[in-house]
Each structure stands twice: as C-alpha cells, then as structure tokens.
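Work out the full structure, taking the sequences as your base and the hints as a guide.
Quick note on numbering that gives the first Met the number 0: the sequence shown kicks off at 0 and runs consecutively.
Treat the hints with care, as some may be off.
As the list claims (entries may be wrong) - So the derived label-pair ranges between C-beta atoms look like this: (1) Arg118 <-> Ser50: 16 to 22 Å; (2) Asn168 <-> Arg45: 29 to 35 Å; (3) Val151 <-> Glu120: 22 to 28 Å; (4) Pro88 <-> Ile165: 27 to 33 Å; (5) Asp176 <-> Asp87: 16 to 22 Å; (6) Arg118 <-> Ala145: 32 to 38 Å; (7) Glu89 <-> Gly224: 34 to 40 Å; (8) Val154 <-> Asp231: 50 to 56 Å; (9) Ala199 <-> Gly108: 25 to 31 Å; (10) Thr33 <-> Pro107: 40 to 46 Å; (11) Ser25 <-> Arg198: 41 to 47 Å; (12) Ser84 <-> Gln193: 39 to 45 Å.
No wet-lab data here; the hints were simulated from the structure.
Note that CB positions come from ideal geometry on N, CA and C, so glycine has one too.
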Amino acid sequence: MRGIAAILLGVLALGTASGRAGDNWSDAQRLFSTSRFREAAVVLEREAKASPRSPEVWFNLGQARFQASDIGLARVAWERAAALSPRDPEIRGALELARGKSQSPEEPGWIQALEWLTREEWSILLLAATGFLGATFAAGKAVGPAVRWMRVAAVLAHAGLAALWIGANFAAGRRADTVVVAREASLLQSPVTQAKALRALPEGAVFRAGRTHGAWVEVLQDGRGVGWVGRDATIRIRIRD
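Pasting the structure below:
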C-alpha cells in the first residue's frame, strides 16, 4: 500500500510541476502521504469541477477513489479521463484494473477501435479531408495525371473518413454510459422496490442506460431492456463542461 501511494504521489507531483493545478494538488499530495485517500478524493473533486477537461485531474481522482476502495467512483473518473485522452497508456491500464475488479466485459472490438481517437479528433480529420478534396477540385480545368490521381485519392480519403466519423458517433451511442457506484445493487425485473431481483450488479459494472422511471433507470443490453436499477446506485459517465 505504501509503495502504491508513493507512485501516486509521483503522479500528483508531475501534475503540479506541469502547472496544470493549484493548491488542490498540494492538499491532495499531503493527504495521500498519510493514506487519507477518501479525503484526497474530495479535494480532487474540487479540482475536477474547476478543470473538467483535464485528463490528469480525472486520472488522479480515480487513483484516489481506487485506493479508498470506491471502485465504482474510481471507474467513473477513469472513464472520464479516457474520454479526454483515449490513447494514454496509464489511463487504459487503470481501466483494465477497474474492469477486472468489477468483472465487467470489455467493449466490442469495433467500438474500442473507433475510440482510439476522440470524436473531436475524427471531426478534425474529416474537416481536413474535406479541405483537401476542395483544393483538388479548385485546380479548375487542370486535368494532368497528377491532378486526376490527387482527386481520386481525395475522394477516397473523404469517403473513408466520413464513414469512420459516422461510425465513431454511432459507437458513442452504443457504448456503456453508466457506472454502478453502490456497494450492493440488484437488477430488478421492473421499476418497483418489490420487483423480483434478477441478479446482482457489482460495484464498478458499466451498462448502457435506457428509460428512467422515477427513482429507477433501465439497463440495456444489445439495445433492449433487461431490467432496472436504482438511479441513486449509479452515475453517468459524462464530462461536465
């Protein structure tokens, strides 16, 4: 435990050195050094509200939550970090750890592949391909072999990136977007307390949320509802702007 805490302190120190955080980092370091992980998480929550687009903040918040044995809250933070920096090896490793603890299956391979870039990055690539396509046709009546091949390449690149952009947005709509954060939660047959419990939902498990009904949220699997869980037992994976 002390060795892990020392590593986490090193990560926090890097955040301070980079100038990306203020007093909250110093407070979190001090709390980590005395193994007061849950208190450190509270401090980092404040930093996350101030810097919601920082993957470093969410990553370290996830570390604090994990060390406090709050597996579900750790996964929420790490999922938010991954949404901002999907190729970061430390974040990806942390998510693998969370999946193992919650016994959650991985996302389908095609979703993982499309999430190698953020949707913003896919949009930038598509915009660049559109500009390239326009530039080749702006050559006017120039019909030399080089121009013709450039036009063909531009059309193919634009079509391919357009398909990938559509796929990335479709994948985002199919991805699990809610985490179970309660120590104990059950999947119920219907949205009432007296409903039959179908199975337990482990802390840190993720699912795609469907309809809401009062204090309940529907759990989707392969696009169809398979049961209901209390909304207060879950948190949506969402980056607050």
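Each hint tested on the structure:
no. : hint                          : in the structure
1   : Arg118 <-> Ser50: 16 to 22 Å  : holds (20 Å)
2   : Asn168 <-> Arg45: 29 to 35 Å  : holds (33 Å)
3   : Val151 <-> Glu120: 22 to 28 Å : holds (25 Å)
4   : Pro88 <-> Ile165: 27 to 33 Å  : holds (28 Å)
5   : Asp176 <-> Asp87: 16 to 22 Å  : holds (20 Å)
6   : Arg118 <-> Ala145: 32 to 38 Å : holds (34 Å)
7   : Glu89 <-> Gly224: 34 to 40 Å  : holds (36 Å)
8   : Val154 <-> Asp231: 50 to 56 Å : holds (52 Å)
9   : Ala199 <-> Gly108: 25 to 31 Å : holds (27 Å)
10  : Thr33 <-> Pro107: 40 to 46 Å  : holds (42 Å)
11  : Ser25 <-> Arg198: 41 to 47 Å  : holds (44 Å)
12  : Ser84 <-> Gln193: 39 to 45 Å  : holds (44 Å)
Violated hints are absent here; each numbered hint is respected by the structure.
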